[in-house]
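Use these hints to put chain S onto chain A, whose structure you have.
Each chain, written out:
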Amino acid sequence: MEAIKIDNITLEYKSNNNSIVRAVDNVSLTVNEGEFIALVGHNGSGKSTLAKLLNGLLIPRLGDVKIYGTSTRDKAKIFEIRKNIGMVFQNPDNQMIASIVEDDIAFGPENLGIERNEIIRRVDWALEKVGMSEHRKSTPFKMSGGQKQRLAIAGILAIKPSIIVFDESTAMLDPEGRREVLAVAHELNKNENITVILITHYMDEAVNADRVVVMNRGKIVSDGTPSEVFAHKDLLESLHLTLPLPTSIAHNLGRLGIPISSDILTEEQLEEELCKVLK
Amino acid sequence: MRDIAFGQYYPTGSPIHRLDPRAKLVFSLLYMVFIFFAKSYVAYLAIFTFIVGVTLISKVPFRALLKSVKIILVLLIFTGLLNLFMYRDGNILGEWWIFRITDKGVDFSIKIMLRLSFLIVGTSMLTFTTTPTEMTDGIEWLLNPLKYIKIPVHDIALTMSIALRFIPSLMEETDKIIMAQKARGAAFDTGKLHERAKSLIPILIPLFVSALRRADELADALDARCYNATPHRTKMKKLAFSYRDAIAFLILASLICFIMVDAYYFTQFVPVGHIASGLDYYVFSWISGLIA
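Chains A and S are the protein sequences, given in the same order. Per my numbering, residue 1 is the first one in the first sequence, and the count goes up by one each step. Per my numbering, residue 280 is the first one in the second sequence, and the count goes up by one each step.
To be clear, the hints were calculated from the coordinates, so they are not data collected in a lab. Don't take every hint at face value.
[To be verified] If you only want the chain A side, here are some residues facing chain S, beta carbon under 7 Å, derived: (1) PHE89; (2) GLN95; (3) ALA98; (4) SER99; (5) ILE100; (6) LEU112; (7) ILE114; (8) ASN117; (9) GLU118.
[Claimed, not checked] A short list of chain A residues far from chain S (calculated; beta carbon distances all over 10 Å): (10) ASN16; (11) GLU176; (12) HIS186.
[Claimed, not checked] Derived EDC-like pairs (lysine to aspartate or glutamate); straight-line CA-CA distance at most 16 Å: (13) LYS142/A - GLU451/S; (14) LYS77/A - GLU451/S; (15) LYS190/A - ASP64/A; (16) LYS514/S - GLU115/A; (17) LYS233/A - ASP263/A; (18) LYS129/A - GLU187/A; (19) LYS516/S - GLU118/A.
All C-beta atoms, glycine included, are put in the ideal place defined by N, C-alpha and C.
This is chain S alone, in the form it adopts within the complex:
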């Protein structure tokens, strides 16, 4: 129950931590979009180097990142296998019943697994280096234009920060309820699957009742602290872009340029029908040249 890495903040005070949360959010979005443009293994290597570099600067332990990959491991393997067996194009390497393994299938499934891993590692990096408050402040700023179409941006941001704030409280509560029910002889980890699912009901019902009660009290506390007193809310913490954000942007921009040039410029020189894409072809030719 305690091992949920989501939203775990690693306070190391590194330059990455001190980046403006708005910049970090935008960078993460750009990163997430552009890793889907990466075509060649050379580009993947560039992304890998980038991530390792960011991790080193952030001083977040590598095992924390590996842990977040572990969470999606099942999904990763499933996606990989599905693509491996179901990919139709390319030279057939082996075939059995409806399954067919092709060279392009192997290539594609390796790349999709890399892509997903990079995706999860990149987004975890964001939560590892940004406090929930910074994150909601950043999101509020990014959603600000929506104010003009009467969307209550601040309420949404506050709801998010309260949700994050209550995760530990509710986890503690769940632990207490589980212990209380165990003390009354409830068995949670034995029996058939549907029996186990049923045994969750005595945990969920008290948890919901208490969550609703908390919500009620919280609403009173918000009112008592003059929530919504003025449409011109002020902020204690002012977000400010600095030179750090500019440097970080330049580094990310060069990675993106590299990915795009590799995918769209160098790919046109790869002979038709060749499996390699982008710079991979040159690396491939260079290695075969060495061997020959």
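Isolated chain A, as found in the complex:
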């Protein structure tokens, strides 16, 4: 089933020196339900603008974005779309509206007018899903970035969306925090069948995705499985995107004439391949 259908959308904005920049340039993309998509690109590639086009925070000038068949242009149904597609942003501090964890997570369902007992059930469930149940009554000020971002995810989960967009949600975190957030994203994709769009500029976060979409200057330049996309090493490097370390090592060894598969994404795969070569 098609969860998201982006049809030839274009959106421009005015830059500081008054020139018109085309942030998203004639982009089409279809995302199927249950997919885990990594949307990668350098700063200014238009990936965050694309994210805001998905839930109607921005409306395309040309073309159409449809979430489960509903266009974001349909103002009467905008909340139906936002209920379906949750969004986690970059800075966890700027997504929290209450000083107490459970109050913050209840904010979404409260906005939707959900019945009280159901809100409490959802808050319990969302906190458990992100592994923060014991922090229910605490205040987030003293928490780590990873913990705060997991709370932001819980706040979105409580709305019960079918799609979650992570708009550079790992960019401000330390490696530990990044790992925590990624683990939650994968867990939700696998066990709750939530469609995930992970926007990032770290290529190693794209390794475990079902599909990698690369953007540059508002256009999609590559779209495929991680192995397919990472095979275009030169293209990625010209876009200032660095391959994950194991993939990069395999490519370089291949270039030196060592018979090693270039289809390597993780350290384990590299280890295995190297053992085969050395035998």
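Structure of chain S alone, referenced to chain A:
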């Protein structure tokens, strides 16, 4: 920078903390209004006993309350002195240039200082025992009638809770900016007053820029979480009055009755021209009786 007592919550889980925030807000308002009716020192003593009692029950440390009095200490002394020197009525105790100290002036300035201290202690008690969320929920409920004249009560309450929520974030940010500017050689605590004021500009500008950026991101986050999706918002936390609120109300009501009876009933028996008011006169007569 960190010592601002405002909005500091002391989680002790006492019966005072568990009072309904709406009740606490109303009680604080009543308290604030009626301490201005207190006339005699006996009434002030009653208020003092009340406050000490509330503090003991709430388990909030006394030094926290003293700290909030310390914040307005300058204002307190200034008001006291102004009333002391400028009060015209009464028997003159001393006079110099335009200043005149009268017995009524002394009496009045002591009472005004007591009144202000009780005011600040009472309102601090509210913030010490009520979380910001409870407070905004309470205020939202109290302002609810305004909905009928199309005032966006919920938006106002949300704005308040967000403002409170961002105080620590912005303080942290200010500290970071100060350190960053110090690392570049900025001097904040030397120089003349206007130089020091000027040196605040490199702190304020980045702070405002970042606050506006945060506001922008927050607005997107609110939209993403379906803010305003329905006019029939629900609440996870239901406010409920309990027997505790009734008991608290009875105690406060007896204090108010005492203040009013003292000020309006007993004062009529005080002879004209006598400085004492209310029950003070009886205490005064009783003590003079003892001495005689």
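Outcome of the hint check:
no., hint, result
1, PHE89, "6 Å, holds"
2, GLN95, "4 Å, holds"
3, ALA98, "6 Å, holds"
4, SER99, "5 Å, holds"
5, ILE100, "6 Å, holds"
6, LEU112, "5 Å, holds"
7, ILE114, "6 Å, holds"
8, ASN117, "9 Å, violated"
9, GLU118, "9 Å, violated"
10, ASN16, "14 Å, holds"
11, GLU176, "21 Å, holds"
12, HIS186, "21 Å, holds"
13, LYS142/A - GLU451/S, "11 Å, holds"
14, LYS77/A - GLU451/S, "39 Å, violated"
15, LYS190/A - ASP64/A, "29 Å, violated"
16, LYS514/S - GLU115/A, "8 Å, holds"
17, LYS233/A - ASP263/A, "12 Å, holds"
18, LYS129/A - GLU187/A, "9 Å, holds"
19, LYS516/S - GLU118/A, "12 Å, holds"
Checked against the numbered hints above, the structure breaks hints 8, 9, 14 and 15 and satisfies the rest.
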